[in-house]
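Participant: For reference, the chains in residue letters:
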Amino acid sequence: MSTSLEDELREYAVTLDKAIEQRAVEHIWATVSPTPRPLRVSHRWLRRGLAMSLALGGLAAIAVIIGTHEAGGDPRTVVNAPGTDPTTAQSSETGLASDPTGPASSAAVISGPLDRNSTGGDVSRLQTRLVELHFVPGSIDGVFGPETEQAVWAYKKLVVGVSAPNLAHAVSPSLVTPELWQQMQQPVDIRPRRTLGAGTTHVEIYLPDQVMAVFTNDQPTLIAHISSGTGSPWCETVNFDIDANGNRLDPPLTKAVCGVATTPGGVFTITKRAYGDVNSSLGPMNNPVFFNYGIAVHGASTVPLQPVTHGTVRINNAVASLFPSLVADGDPVYVWGVDGRQPEQYTKQEMVPTFNYPDPSATQDTRTTQP
Amino acid sequence: MSTFTAGQGRFSSVEELIERSSGALRRALVVRFGIDVGVEAHAEVVAYMWEHGDRLLAMANPAGYLFRVGQSAARRLRRWNRSFRLDSDLVEPSAGFTPELQPALERLRPRQRVAVVLVHGYGLSYGEVGSILDVPESSIRNDVHRGLVSLRKQLHKEDPE
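Going line by line, the protein sequences match chains A and B. My numbering applies: residue 1 is where the first sequence begins, and numbers increase by one. My numbering applies: residue 372 is where the second sequence begins, and numbers increase by one.
Treat the hints as calculated values from the structure; they're not laboratory data. For each residue, glycine too, the CB sits at the ideal point set by N, CA and C. Treat the hints with care, since some could be wrong.
Claimed, not checked - Taking beta-carbon pairs under 7 Å as the criterion, some of the chain B residues facing chain A (in silico):
#1 V401
#2 I406
#3 V410
#4 V417
#5 A418
#6 W421
#7 G467
#8 F468
#9 A475
#10 H491
#11 Y493
#12 L495
What the hints assert, rightly or not - Sample of chain A residues at the chain B side, in silico, Cβ under 8 Å:
#13 I20
#14 G294
#15 V352
Using the sequences and the hints, build the whole thing.
Facilitator: If you want it as structure tokens, here you go:
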């Protein structure tokens, strides 16, 4: 006795679902690990470049912008070595007159090295100087806590030039020696890697360095240590405790989902924001500012030296209380990807985050999640 | 375990919109256009949901609109290949259905194929399928009936009545 057509269609649907899941996973991996592409200028960037050049007034500006983005490589964030005259320092682009931070307001030496959990006047001086340099050590309270620590990390990575992996493996990554303190007293000129001109604000996120910087009129206004996506696949159980209409689900709906924790590189814009603690399906975010679909820059309670997120960009809550006020919706966000390419080298497909999909094996996993 | 709560602006509803409708949309696009094109078109639909979430939430039938978004994406993706074909090495015939079923489905008219598989394969209601394809429920009933008749003829199956 043959099965009914309806039964066969049901069986077919089950098989089709498996095939869909397999194909979907392959599709995700194809977008996450693209084949290397030749260096080229993307059309979107060229349009923006032309628009900027018209605003700046002249073909000369086009030549400068194109010239710096050729195969010679990305202009490093230019930072003056201590002791050099900032006005004669090497400059990568034309632009506004540089406005380096001046010498420290209190240039006293510190009596000994400072590290996490140090307290006292020297720590307050350190915090004050970090604020002057546009890093965000939290409140100036003389206590070397996690915010101060992360500000020191950001300074070491961006100004001193310590690589993120080396800092992560250092025995005392947060240590501030008297020599480092002396270096911090010198004027520092942190230049953006992309200059947009007067009246602009933009964000630069350097994933290989795990550092973010905000520039207004091409001057730094905030520099922060970040932790971004691990780059690895994951599968976790996620709880939904309300339905689409806001009604409580009792018991909560539990779904096993998988994803790939990448933070893509590319050129984006700030799309929207939310205030306070926001519960996304992957955990709490503080003051999230979104720039790439569900990927936001947001505050979190821990921002370690390694990339640990599901794809979002974590900053500490002190930075998160400040960051949203420095940027407006529509401001550009340039992300240097983990593979070292420039933001304009990512295709549209590569820029889109990997969206979650139902766990094919539906294993129960009770790990706590955080974005 | 983390929890998902609303009330923080519309973005949480966009997540819920994606969670609720994305599965049915993907199945519909796959049955309509084949696995490869369907999965890629669906990825574009999800991206579209994120970007235009606010506008979609205000619509009466966002699922229907999104299916059309997927349709446009699919047409762009498969410029030269106009025939639906489920990738045969991905769909392994199991004991549950005859190997002739897949080619028979491929020979159906597209809307009949989508209606038959979504209603009888996945258990969606006529109304739900009507929303996705943005046609009245009565059209879906028609498509299902004609699709089943055609399939039975191809598979030499007797009508159970």
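Participant: A separate judgement is required for each hint: does it hold in the structure or not?
Facilitator: Hint by hint, here is what the structure shows:
For B:V401, the interface hint holds, the least distance from its beta-carbon to any beta-carbon of chain A being 6 Å, beneath 7 Å. Taken as an interface hint, B:I406 checks out: its beta carbon lies about 5 Å from the nearest beta carbon of chain A, inside 7 Å. A cut of 7 Å between beta carbons decides the hint on B:V410: the least distance to chain A is about 5 Å, and the hint holds. Evaluation of the B:V417 hint against chain A yields a held restraint, the C-beta minimum of about 5 Å falling below 7 Å.
The criterion of a C-beta within 7 Å of any C-beta in chain A is met by B:A418, whose closest approach is roughly 5 Å, and the hint holds. The criterion of a C-beta within 7 Å of any C-beta in chain A is met by B:W421, whose closest approach is roughly 4 Å, and the hint holds. Below 7 Å, beta-carbon pairs count as interface contacts, and B:G467 has one with chain A at about 3 Å; its hint therefore holds. For B:F468, the interface hint holds, since its Cβ comes within 7 Å of a Cβ in chain A; the closest pair sits about 4 Å apart.
Given hint, B:A475 at the interface with chain A, is violated; its Cβ is 10 Å from that chain's nearest Cβ, farther than 7 Å. With a cut of 7 Å, the hint placing B:H491 at the interface with chain A holds, because the nearest CB-to-CB distance is about 4 Å. This hint holds: B:Y493 has a C-beta 5 Å from the nearest C-beta of chain A, less than the 7 Å allowed. Checking B:L495 against chain A by beta carbon gives a least distance of about 10 Å; that is not within 7 Å, so the hint is violated.
A cut of 8 Å between beta carbons decides the hint on A:I20: the least distance to chain B is about 6 Å, and the hint holds. For A:G294, the interface hint holds, the least distance from its beta-carbon to any beta-carbon of chain B being 6 Å, beneath 8 Å. At a threshold of 8 Å, the smallest CB-CB gap from A:V352 to chain B is about 5 Å, leaving the interface hint in force.
Checked against the numbered hints above, the structure violates hints 9, 12; every other hint is satisfied.
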